[in-house]
Each structure stands twice: as structure tokens, then as C-alpha cells.
Amino acid sequence: MIGVIYTFATVFVLSAVLLFVFHKIFKLTIPAYIIAGLIGGMFLTEEGLLELMQWGIAFVVFIFSAKLEPGKLKHGIGGSLLSTGAQITGLGLGFFGALYLSGFGTLNSIYISAALVFSSSLVGTELSEKYATVELLYARLAEATDVIHDILAIVLILLLSPVLFNVGIGYALAVGGGMFILSLAFRRFLFPWLFELSDHSEELMLLSGISLLGGMIAISQFTGISIVVGAFFAGLAFSRFPYNIELVESMESLKDFFAAVFFFSLGALVTFPGVATLAIALFIIVVAVFVKPLLTALSLMHYGYSKRTAYRCALTLDQVSEFVLIIAIQAYLVSAIAAPIFQGIILATTVTMITTAITDRYSGRIQNWLSKNLPFDTPEGLRRYNTRITTELNNHIILVGYDVQGEKIGDYLRECDREFVVIDVNPKVFEETEDLKNRVFGSAMDDESWETANFKQADMIISTPPQRHISEKILALETDARKVVRSNSFKEANRMLKQGADYVMVHDLLAAEQLMDYVEEAIHNGEKAVENMRKTLVERLKKEMDSLEE
Amino acid sequence: MFDIAITEGLFITWDFVLLIAVATVMGYIAHKTYQPNLIAYLITGLILGPVFLDVVQETALLELMSELGLAFLLFLLGLQLKFDAIRNILKPILKISFWQTVLQTSLAFVIYYFLGFAMIEVIVMALCTVFGATPVIVKLLDEKDEINSLPGKIDVGVLIVQDIILVVYLTLFSAPDLTNPVPIAINFFQVMGVMAVLGVFSYAVSKWMVPKIVKEVGNNKHLLFVNGAAWAFLFIAVSLALDVPVEVGAFIAGLGLAQSPYSDELKQQVKPITDFFMMVFFATIGLGLAPEYLTVYWKEAVVASALLMVGNFLIMFYLIDREKFSLETSFLGSINMVQVSEFSLVVGALAVTRGLIGNEIMGYLSLMAIMTMGLSAYIIKYNHWIYDHVKHLFEFMESEEKGDFDIKTLDNHAIVVGYNEITRRLIPVLKEKYGDIVVIDKDPKYVEMLRKSGAEFVFGDLKHEEMRRSIGLKRADMIVSMAMDNAVNRRILGDRKEGAVVFLRARDREDAAELYDLGADFVIIKRMLSAEKMNEYIESFLENPDLFDKAVEGDKQIIDWEARL
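If you read the sequences in order, they're chains X and B.
Read left to right, the first sequence gives residues 17 to 566 (the working numbering).
Read left to right, the second sequence gives residues 45 to 609 (the working numbering).
Treat the hints as calculated values from the structure; they're not laboratory data.
Incorrect hints may appear among the rest.
Here are the simulated DSS-like cross-link-like pairs (lysine-lysine), alpha carbons at most 27 angstroms apart as the crow flies [to be verified]:
(1) B:LYS577 <-> X:LYS544
(2) B:LYS368 <-> X:LYS43
(3) B:LYS435 <-> B:LYS251
(4) X:LYS453 <-> X:LYS472
(5) X:LYS43 <-> X:LYS83
(6) B:LYS126 <-> X:LYS507
(7) X:LYS558 <-> X:LYS544
(8) X:LYS551 <-> B:LYS259
(9) B:LYS435 <-> B:LYS368
(10) X:LYS453 <-> B:LYS577
Using the sequences and the accompanying hints, generate a full structural model.
Now the structure itself:
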């Protein structure tokens, strides 16, 4: 009918405009949809959208689980489990108890507590894309934490099914277990076969994906379990390379389409907020933005991580998860939670997603401020990484930062038998490089670190982090040592050369020069040269990986 | 066309699940028997509908999705029409299309008249069944890597003109009163006027505003898609408000965007969702047919299909040949085009709702679509084989003055995936060695910059199979990829030809090791490359600090120079 077309036009045109604005300012999508919905809700009353929301939930969950790569979690799983554990026991149970006792009722209390505990992986990945290549410890910790949260949210939905849909808990678990086994069987046997059968055709993989999704959802509805569980296991069946690539690629646009409808409709469901709604939203916001991150940071410090890593990681978790929205809408549709609570959760989620974009942008400064002004620190006895100087430092080289590049330079210096000392603040580095003779565990911004590294007697200082304040600190040091710093931009590099740097490493330039050597070798010296080059490089890589494993 | 009431019944139901499941199975069968998916979906509807099992009803959900399917189909169709692609053969194309439309419509008219159909049916059917099926031809030729050959280009060009004519037909059938020529004419000119205004608006926006918007959102696929969908729905809503067929609005929305260099990626984004909705659309046509509709005219359908396939081939062959293309080009170009367009069903469905034809004609059209598309799929697949076996029959037509002009295809070229500081320096070196070089990037902001450097720039993502084909990945001699996404890199290694040199970029050592295992020649880890070069400088420092100063002097000059840019 005509109304539907106008509704779709309103949904997409409003969303596109707000997405554009939000992308420019915050690099975020979900709050843009919700706010578009808030505006659109004022003049749209399309019942059909509510039912289409179900499709949005199905596709969002499906794509999420099809993209899950358990391998990614291997770094930082311990810390994440710990911080999640702390949040759930500390925040979740604590607040659940408090809310329950103050008369909110079991279900309402559960939903508010869920909003307090879980943080968002979608927002996490949207914002931290820029960290993806930097392999920072806190980013990995945060990523793992988010995924654990999402999976726990699914488990919570499964556990809530009995309450929402009037089935027994044992029954719900049995159905969930059955779906899990079915999904693993599909993942292991059926889909690899289908993938070959279809000759990797995108269209057929798309149809297979939607068939399975539809089938699992139908089973969920038939057995009285939440469709989220079905969608999750359907995605899981595909979460294996290589066919998840074809599938996610082609299903992404369907997800985008229905997710737009879903998040828009959520916003449209919020009417003019009353006092109760605002109070609940405010409460959730305060806890999610202040209490939860602090608790996370404290638990990470207790696990032996430095103040810096703990605060940075905590700052990426200061929002309410979109999964909470999915959990809440399901309860709302069967009238299991009160309207002000549902609307409060939506408002709080939207607001925290926006505030998280802001805290993310200034997370470096916020972390510095927190480190200086809060009385918390990693307990002395628990600190797992310490400074160690075993040789006399004279005419040595100081290496600031020991990531891939720093390590490679370190290896070379060791090969040349040249004395050097490493300054780094990342504990992971020291975890993996027990054999370093001299290392200073501390910030390059601290004078103490430099004194320990005996910078006045050094011959050369090489700094690999690109942060300007670190480079400027080094350029200001009073020493005769040659100073080599790093920058990501030519403009900044040029300025540093003028400020007295002896050389500025610009990765793009260095890498391009080196790559050019290789490409020219390959182009001009033919197949034999390529073969030889490849052999040398593979051997070198193997050696490096072996030495890492030891 | 949007006259269904949708307030409820949009939940995912067993009916719907059954429909997709059967469509999926039929899709696999079609794939294995080299048949177009369209046929699989039509047959899915026939199986589940009253013709065979009668287990699935047309629900509000199916109706909504098939309406969306039609709108997206037209949007995608418009999005695919790049006038640039046929610019150098535009003149012969226009001549061929014009005469082909006239001659084939006349032929169809005569055939249907003698088969004894009523006059209004004859007119509708003749208009419906003269054109080739774009999705079938484009998909099959693309899979055979013949879409950029000369016969392929001629076919695509003719299809573009045909599609535009079909959209005009849609407007004709939307006239309020079809018995009187005056209101038809008035309606026609009204619609044409609106189309022209929308078209100019669409083109102007895509020329002046789209580049700016795309520059902001271009590397964010999600935003690109939502913007595209918003654009399509905006045009659909405006058409609805102005009483123009919504399909026309969707088509023009796509057509305007198609002329911008950014349309390829959007096309890839829109295609899957269109495939899905279209599946529902064609299945719904099957669902709507009762058994008796199919049996009334089945003999006529067989006779007409046979006559039209032969007749259309001869007409096309004559017309292409007349433009003095080589014998092979004329033969292949015409034999690819012998099927009936899927639009016969779209226009047919519209004619049914307008009460011009009955459901038995719709059954007839479905049968014809299934038969001609099914057969032509094999004809296209074996077109060269057929040509080799019958070319002696046509040799009398060969003459000195006929011949093809060269169409540039990419071969033994270099491909650079991802444009950045590192690859920017490589481009001149690669250009000198390989001549042709294609740069593909997910970020559109380099279009202008690269145009100047003599490299061809493609905006898009290699994860799409069509994208890999269109840059000739399988024929490249040298591939340098800066994509740190191992999924893309694995694809490159899977598709590359033997002997091609492949440089890939990896995030870390684990990824690098995997890529070497899969056969990469060289795996770049940027920080390691950079460290290697840095170690060269340190080596000179350890030898003598003055040597270090000399070694880095060149770099310092480059930094100074770059900083000024």
C-alpha cells in the first residue's frame, strides 16, 4: 500500500541525512537512526514497521555471529573475562538486588541491570577501527570484552525465554542446545559442501543463508524461544572461512536495510519522555559512563595491567550495548517490562553511544587526567612487569617503543652486538620478550625513565611511536645522542627535522623505498629472482616466528 | 501498483521459510544445469502455488517484498546503464535498436494475430515479448568473461535502449483510460514531462552533489547503501505523489546515479538485496498462476517461442551485419539475444491489473519466458561452438569491407589494490613495465588524482566477484595489494593466473605466514619493511655516524618536498 512506500521513504531519507551528520561528527550510525526515528515518530504511525523490526533483529544478530572469529579473542581473553566477571558480579548482581528490593520487580530489574552491564561491540568496532592495525593491548582487551558481552547477552535471552514465552527452562535450554548442535553440524558438513556445489556463487550463498536464517527463526517461533537465539545459531553455522566472506558481503546490504528500519522504529517508539523515563535513563547513563568503566579499570589493574592500559580499555566500554535494545524490545512487545523502563533504556543507549564517541576521541587526554588525579594504581606486588638493567649503559642506543618495528631494530642491534636499552610502557611487550637485557618499564614522558636509561651517555635515541608529544619530549632532551623520531605525516616530520631531529622515520616513505627495491628486483630479474626472494623471505619469517614461540 | 494493505502479517512465517527453502534448492539445480535463476524462482512459485502443491499463499509479506523487488530491480537496472560504456558504438547501436524494435514487434504482431489472439492481447503480447532479458544475458556473458567483447558490448548497448523503451511502455499501460487514444496521449506526455524533469534533476544531483557526498561517506559501505536506498525511495515517493508509475521513478533514480564514477560500488551493494526481493517477485508470479492458466495456450506458446527465437535471431543478425561488423560479431551478438525479457512478466502483470489481458495470457507469458530463457541459456553458453559449426552457412555474406574495431581489454596488466603513499610511488614503475595499470580502492577520493597519473581507477571492493572480473584479475601479470584484509588477499591468490607476481600486505606475521603458504610471492608487513630500511641506516651509523647523516640526506629532502605539497 501507498503508506508503506512513504514510510520507507521517510525512514531512509531521514536516516540518510542524520547518518551523514553523525558520520561527520561522531563516526557513528546507530544513534543516528534512533534520532531519525525520534523525529520521524512525530508524524509516522506505521504499524507495519513494528513487525518489520523483527527482520532487523534477525539480520543484525545473524551478521554478528557469522562474523565471529574465535581466533581473534586469544589475546587478552584472561583480562576480559576478569573484567566482565567483575562487572557482572559487582554491577549486575549488585544493582539487580538493589532494584529488586526497591520494588522494580524481577523482570524490570533484570533489564535495567543488563543495560548497566553490557557494552557494545558494534559501536566498539565502528570507533576503534583506527586501532585495528596498531595492536594496542587495550584495544584487544576491549574487543574481547565486547564479544564476551554479546555472547552473554544471547545466553541471557535464552534464559529469559521461559519467562517471556511461557516455556520451561529445561525445555528452553534443550531447544537452544539442539539448535547449537544443528548449527555446528551445518557449519562442519553442510555448508562446506554447498559452497563447493554453488561454485562460490554469491546469489546462491545468499539464498542458502536466508533459508537457514528463516528456518532457524521458524524453529524458534515454533518452540517458543526468542528469535534472537535462532538468528544467532544460524549465523554461527556460517561463521567459518571462506564462505562467511561471500555470505556476509551479500547479506550485509539486507542487514543494512532492515537494521535501518529496526533502529529507526526503536526511536519512533519513544514518546515524549516523562519523569520516570528520564530518571531511569539518567541512572543508566551515570552507571554506564562512570561507574562501569571505573570498575573495569580497577579489575584490570588488579589483574596486573598498568593504569594506562586499564583506563584506556575501560574508556572504550562506556556505553550500553545494542544487544540490550534487542533484549528490551522483545520484552516490551510481550508487555513484560514497563514502558518508561523500555524508553529509558533506548534513551540511555542512544546518549551513551554518543558520549562514547566523544570520550573515544579524547581518550588519551582523559586517561592522562585519570592517571594523575585518581588515587588508584596497579598494586606493587601484582605488577608483573619491571624495569631491569643488567649491563653498564655507555655509548649505548636507547630504543623507545618495542612493537614490531622496535623489535626488528632490537634484533638487528643484538646481531651487531651493540648495547641497547628499551623504554616501553606496554606490559605485553615485556611479557613476550623475557630475554631483553635492559628494559625500562615506564613512560617515555617520565624523566625517571630517561634517567634510568642513562640518556646522557647514549649515542643514539630511536623512538618508534608516532605520537607527537613523545617526539617533542625526546627532542627537548639535553644530550649529544643522535635523535631519530617517528611521525605519520610529512608536514610534522619536516617540522621535527627543523626542531633538531637527526632523522624522522615516516613509515610510508621507508616502506615504499624498501618495497620499491623488492618490486624492481621482481620486475627486472625475472622468475628466478622472484623465486629466490620468496625463499629468503619465507625462511626469515619462519625464523622470526620460531624465535617468538620460544 | 502499491495497492496492498500492510498493517500486519509481516512476521517471518513458515510459508515464507518454505518459499525461500524451495527457491534455494531450485537455485542450486538451476546453477548446476546452467539455467538462469529467474526460471528457478518462477518454477518455485509454480511448485508451491496452485499449479502443483498449493501450500503457500500470497501473504502481505510476500506482496510487500515483491513490490520492493520490482522497485529495486528498476533502480538497479537504471544503475547499470552507463552511457559511457557504449559511447564509441552509439551510432550503430541506436540504428540497430530502432529497426530491431520495429521489425521484431511487427513479426510478433503477425505471429500472434495468426495464432488467433484478440487484438488487445496481440498488442500487449507483441510489446511484451520482443526484447532480450538483460539479467540473463549480462550474467551469462559476464561469467564467460565476454561482456567486454565486441558482441557483448553491442548486446549490452541494445539492451540499454530496449530497457528505456520498456520503461516507456510501463507509462503507456499506466494511463487512466486505455480505450481512448486522447487520454493515453495526454497521460503519456504528462509522464514523459515528469520523467524528463526527474531525469534532469537526477542527473544534475549526481553530477554536482553526489561526488561531494560520496567523498564524505565513500569508504563507509553502510552509509553508501543507506544513501542509495534513500535516493531510490525519494524518487519512488515523488513518482507516487505525481501519479507516475513508481517503477519509472526508481529507474530514473538509478539512471542518474549510474553516470557517476561511483556507481559500481553502489551497484554491488544494491544487488544482493535486489536478488532477494526479486526472488520473491518472480516466485509470487508463479504463485499467482492457476493450473488452467498454463494449459490454455501452451501450444501457442511453443509455436510462438520457436518462431520468435528464429525470427529475432535473423532480424538481429541482419541488422548488426548491416552495420558492417564481422560475421562472427554479428552472429554472436544476435544469437545471445533470442530470449524473451523478464520484463514481459512485469508489463504483463501490469496489463492484468489494468484488465487488458486475462490471467491465461499471463500463464502464456510465463511459459514463454521459461522456455526461451531456458533454451537461450545453453545457446549463450555454447555460442562459440554453435558458431564454429554453422559458420560455413553464412560465409557467402563475408566481404572485405566488414570488420570489427578494437575494443580495449585488459591483459597482462598490473593491478594495484589500495592507493596510498606506498603504492603511489610504484605506479610509474609499474606503468613503464606493464603499460596498463588498474588501481582499485574502497575510497573514492583518489579518482581525480589518479586520472592524471594515467592509471585507470576503479572505486570498489575486491570482495565482489564481479569486481574481480571487471579488473581482469585472472589476466594480470603483477598484483600489488595493500588490503590488510586477508579475505581479499586469499581471493587474489585464488584467482591469479599462473606466473603472475603477487605482492600482498598482511597485518601480522601469522597472516603473512598463511599468505605465503597460499602462494604469495611477497608479503608486506609495513612496519617490518620500514624497519628493514631503518636497519640499513643504523648499519651505516654503527660503521660511522657521518655515514648515517649522508644516508638519510635523500630522505630528508623528500620529507621537505612532500611537506610543501
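### Message
Can you confirm whether the C-alpha distance between LYS126 (chain B) and LYS507 (chain X) stays at or below 27 angstroms?
### Response
Cα-Cα ~41 angstroms, so violated.
### Task
Assess, step by step, whether the Cα of LYS368 (chain B) is no farther than 27 angstroms from the Cα of LYS43 (chain X), and give holds or violated.
Judged against 27 angstroms, a Cα distance of about 56 angstroms means the pair is violated.
### LYS551 (chain X) paired with LYS259 (chain B) [C-alpha distance capped at 27 angstroms]
42 angstroms, violated
### Message
Can you confirm whether the C-alpha distance between LYS453 (chain X) and LYS577 (chain B) stays at or below 27 angstroms?
### Response
Measuring from Cα to Cα gives roughly 25 angstroms; hence the hint holds.
### Query
Regarding the pair LYS558 (chain X) and LYS544 (chain X), is the alpha-carbon distance no greater than 27 angstroms?
21 angstroms, holds
### Message
Checking one constraint from the list: CA of LYS43 (chain X) to CA of LYS83 (chain X), max 27 angstroms. Satisfied?
### Response
21 angstroms, holds
### Query
Holds or violated: LYS453 (chain X) with LYS472 (chain X), Cα cutoff 27 angstroms?
19 angstroms, holds
### Message
For a C-alpha distance cap of 27 angstroms, please report whether LYS577 (chain B) and LYS544 (chain X) respect it.
### Response
24 angstroms, holds
### Message
Between the alpha carbons of LYS435 (chain B) and LYS368 (chain B), is the straight-line distance 27 angstroms or under?
### Response
Status holds; Cα separation ~17 angstroms.
### Message
With the threshold set at 27 angstroms, check whether the alpha-carbon distance from LYS435 (chain B) to LYS251 (chain B) stays at or below it.
### Response
46 angstroms, violated
The structure fails hints 2, 3, 6 and 8 (numbered hints given earlier, in ascending order).
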